[in-house]
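Novice: Using the sequences plus the hints, can you model the full thing?
These are the residues of each chain, in order.
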Amino acid sequence: MSPVLKIILQRLGLGLVTLFVVSILIFAAVNMLPGDFAQAILGQGATPEAVAAIRRDLGLDQPPVTRYFLWLAGALQGDLGNSFAQANFASFVGADSGGSAASVAKQIAPRFWNTMFLAGVTAVIAVPFAVILGILAALYRNSAFDKFANIFTLTSISSPEFFLAYVLILFLAVLNPWLPSLSNIYIGMGFGERLEKTLLPALTLTLVVTAHMMRMTRAAIINLLASPYIEMARLKGMSPMRVIVRHALPNALAPIINVVALNLAYLITGVVVVEVVFVYPGIGQLFVDSVKIRDIPVVQACCLIFAAAYILLNLTADIMSILSNPRLRHPK
Amino acid sequence: MIGISRRGLLKSGAAAGVLAATGFPVLAQAKRGGRLRVALSGANTSDSWDGRTHSDIFMQAAAQGGVFDSLTEVAADGSLVGELATDWEATPDAKTWTFNLRQGVTFHNGKAFGADDVIESLQLHVAEGSKSAAQPLVAAISEMKKITDSQVQFTLTNGNADFPYLMSDYHLLIYPAGQIEEAIANGIGTGLYSVVSFEPGVRFVGKRVESHYKDGNFGWFDEIEFIAVNDSTARMNALMTGQVDTINRIDFKTEALLKANPMLRIQELTGNQHFTFPMLTDIAPFDQVNVRQALKYGVNRQEMVDKILQGHGRVGNDTPIGPANQYFAADMEQLAYDPDKAKFHLKEAGMESLNIDLSASSAAFAGAVDAAQLYQASAKACGININVVQEPADGYWSNVWLKKPFSAAYWSGRATEDWMFSNAFEEGVPWNDSHWSSNDSERFQTLLIEARAELDSAKRREMYTEMQMILRDEGGVIIPMFANWVQALNNKVATPEVVGNLWQMDNARMAERWWMS
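Residue numbers (my numbering), protein chains in the order written: chain A, 1 to 332; chain B, 1001 to 1517.
Any given hint might turn out to be false.
The list that follows gives simulated cross-link-like pairs (lysine-lysine, DSSO-like), each with its CA atoms no further than 27 Å apart [unchecked claim]:
no.: 1; chain 1: B; residue 1: K1214; chain 2: B; residue 2: K1253
no.: 2; chain 1: A; residue 1: K292; chain 2: B; residue 2: K1095
no.: 3; chain 1: B; residue 1: K1343; chain 2: B; residue 2: K1095
no.: 4; chain 1: B; residue 1: K1404; chain 2: A; residue 2: K292
no.: 5; chain 1: A; residue 1: K106; chain 2: B; residue 2: K1207
no.: 6; chain 1: B; residue 1: K1404; chain 2: B; residue 2: K1031
no.: 7; chain 1: B; residue 1: K1380; chain 2: B; residue 2: K1347
no.: 8; chain 1: B; residue 1: K1403; chain 2: A; residue 2: K292
no.: 9; chain 1: B; residue 1: K1095; chain 2: B; residue 2: K1146
no.: 10; chain 1: B; residue 1: K1380; chain 2: B; residue 2: K1404
no.: 11; chain 1: B; residue 1: K1207; chain 2: B; residue 2: K1404
Taking beta-carbon pairs under 7 Å as the criterion, some of the chain B residues facing chain A (in silico) [claimed, not checked]:
no.: 12; residue: R1203
no.: 13; residue: I1227
no.: 14; residue: Q1243
no.: 15; residue: L1258
A few chain B positions that, by computed beta-carbon distances, are all more than 10 Å from chain A [stated by the list, open to error]:
no.: 16; residue: D1149
no.: 17; residue: Q1151
no.: 18; residue: V1202
no.: 19; residue: A1234
no.: 20; residue: T1241
no.: 21; residue: D1287
Calculated from the structure, these hints are not laboratory results. Every residue gets a Cβ at the ideal spot worked out from N, C-alpha and C, and that includes glycine.
Specialist: What follows is the structure, encoded as C-alpha cells:
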C-alpha cells in the first residue's frame, strides 16, 4: 500500500471517530436547550395537552439515551430521520409521517446546495484574489501597495460581516443599483440570474476571508525568501516574479492550503449572518430556524454536516500538503 | 368603525347576501395585471398549508389572503361579509346557525365546493390529538349538519352572537373534502391565487385563477410573490432598491429614510395589537386589588408610546379592546401616571414599599426589556421597586409567560370583544395570562357569558363597556400601549381608501385587495 493511501485511510478513520464523538456532543448539547419542539412550535398556544400530544407523536417522551441510539442507528444507514416541523403536519392528516416530504435529507438538500453554491462562488473569487494579492504583496513588500493591501484586508476582516454587507449594499445596490440586495434564489432559477443574485453575498464573504489567506501567502513566501536556494535563484539572474512563483510558492503551498481549507470550511458553516442580511436561503438560516423551533433532527443533521465539512476539508488540506511536499511524499 | 353595523347585518341575512354579492364599491382605477412582490416577516421552515399551524403574517397572507377561503371575511372597514358563505341566520338564542353556501365555486383542482367541504375542514380542528389554535372555536359547535349541498347548520353548545365572526378566523380554511391530505401538501383551495411554487420559510408564488367568484371586486394581480424576509433591515433594503413592492413591519429607526424617498409611502393603522404586562392575580402580592392599582398608576404610558413605539401607537387603558373593535369604549377615562395615587393604594394595601420581579424578553415584543426598564424607573417614584429579570427569548412563551407572576407579553387582538375576552380573561381558559377568575370579579365572568348570547346591540355595548371598566380598575393585566401596524409600499401599488386594521397588510389580504396603479 502506498504511504499516501495509508495516511488517507488513517485520517478517514480518525475522522469517523471524531464524527462519532461530535455526534454525542451534538446530541447532548441539543438536549440541554431549554424548551422542546412541542413547546416551541406551539409558542403562546402551548397548553399541557397539546404539548403532550406532540411529544407522544414524535417519541420525545422516551429517555434521551434511547433516542440517541435510535438516531445513530438511523444515521448510520443514511437515514437522518424526519423533520419534526414537517412530520408534525403530515401526522395531522393521518398521513404516514415517514413520507418523503418529512425527511430531513429532503429538507436540507436544497439549502445545502445553495450554501455550496455560495461557498463555491466565493471561493472562485476569493482564493485567486487572495493568493495573487499575497504574492504581489510579498513581491513588493513594504511598498505602498503592500501597506495598502494589508490595511485594506485587515480592515475588512476586522469589521463585522453585517457591516461589510451593508456597506456593499449601500454602494452596489442603493446608490448604484447594479446588484440586487435580496439574494432570494430558488429552485429552477437560471444560472445567470442565480449568479447575479449571489454576487453581493459572495463579495461580502470574499472581503471576510481574503485577509487570512492573503496574509498567510505573503508571510509564507517572505519566510522562504531568506533561504539559500532563493538566493541561488536570484544569483542565476531570474526576475523577482519568477523567483517567487517558480521557487518560493511551491514550497509555501502547505501553509497556504491549510488556511484556504479552514476558510472554505468557514464558508460552509459560518455564514448565517450574511445569509440573514441578504435573505439567502442557505443551510445557516435553516439551522438557526431549526434551533429556534427545536427541530432536533434537522439541528443534529446540520451539525453533523458542519462537522463533516471541517473534518473533510482539513483532511484534504493535510493530503494536499503531503502531496505538495516531496519529503512527506517519500518518507525514508 | 364605519360601515354597516354587525348586528344589523346579522339580523338580515338578505342584506348580507346582497353585500357579499356586490362586494365593496371598487374604485374606478382598479385594474387587472402585474405581479405583486411582497417581503414579509414571520416565515418559518416549519410552514405548511395546514391552517391549524398558522401563526404569523406570512402564512396568513399566503393561505387565507391568497390560496384559500373561509366561510366569512372581515372586510377592510371591519364589517363582516360572506366569503364562501353568502348569508347566514341564527335562531333567537344564537345557538343554531344556518349558513347558505356560495354555489358554482370550484377548488383549484376542479372539484366543486359544497357543504361536505365545510364540515370536513372544520372537523380537522377538533380531530383526536389536534393541535389547532382554533380548536376552542370549533369545539363550541356541538353538531354540524349538512342540510343541502349548499346549506350547513351548526348547533352550538352555548349561544354565541359572534359565531359568524369566528368563522372568519384565519385558521379555519376550507379544504376539498376527501382530498384534504393532498390539499395540505400542495395548497389546493378556492382562493384567488393557485400555488405555482412554495418553499417553506423562503418563498411563495401564486398565479391568479382564470375565473373566480370575486372577479371584478378583488384579485387584481396576475401573479403574486411573497418573499420571506425576517430581518427588518433586509426588508427595508428590498423595498428601497425596488426589488419588492411592499413590506410589512417597518423599522421605526430608519423610518425617516423611507419617508425621504418620494417613490415610497407608509401606511399606518391603529388596530388591536397590544403590548402587555400580565400579573397572576392568584399569587401574592398581585392578589390584592390595591397592589394592582398601585402598579396601574406607576406606569408612564405616554412615555412608553413615545419611546418604545416612537409614537407609532396609542396609550392603553388596561383593556384588550382596541379601536378596531365594535364596542371599544373610547370615552372611558384614561389611566394616567400618578405617583401619589400609586402611593395611596400601596398604603391601602398596608405597604410602605413593594419589591417585585418583572420578567421580560425581546420575544414578548420588540423593546419589551426597554419597556420594563422604563416601568422600573417610573415606578421607583411610587415606592415600587421593580427588578427587571431579562429572560432568554428562546422558550419564553413556554417557560416564562403564564408561569412567572409578572411578565411581558403581546396580543394581536381579536375581531370581537367576546373572542378576546374568552381567550384571555375567561375563568380557566389556557391563555388566561392573569389567572383572572370569578374570585377577582364575579360580575365580569357573568357579563362575559350573558353578552355572548345577547343579540341586542345596545345592551351588548353596555355590557362590554362595563367589562372594560372592570378591567381598567381592577384587572390583572397592565396594557400600557396599542402598537400601530406600520407597513410601506411603493407608488406602483395602489390600495383602496379603507385598509383593514384588524391584521397587518390589509388584514393579510393585500394580494386580494390591492392593485398595480
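Novice: For each hint given before, does the structure comply? Return the numbers of the non-compliant ones in rising order.
Specialist: Structure breaks hints 1, 2, 3, 6, 11, 15, 18, 19, 20.
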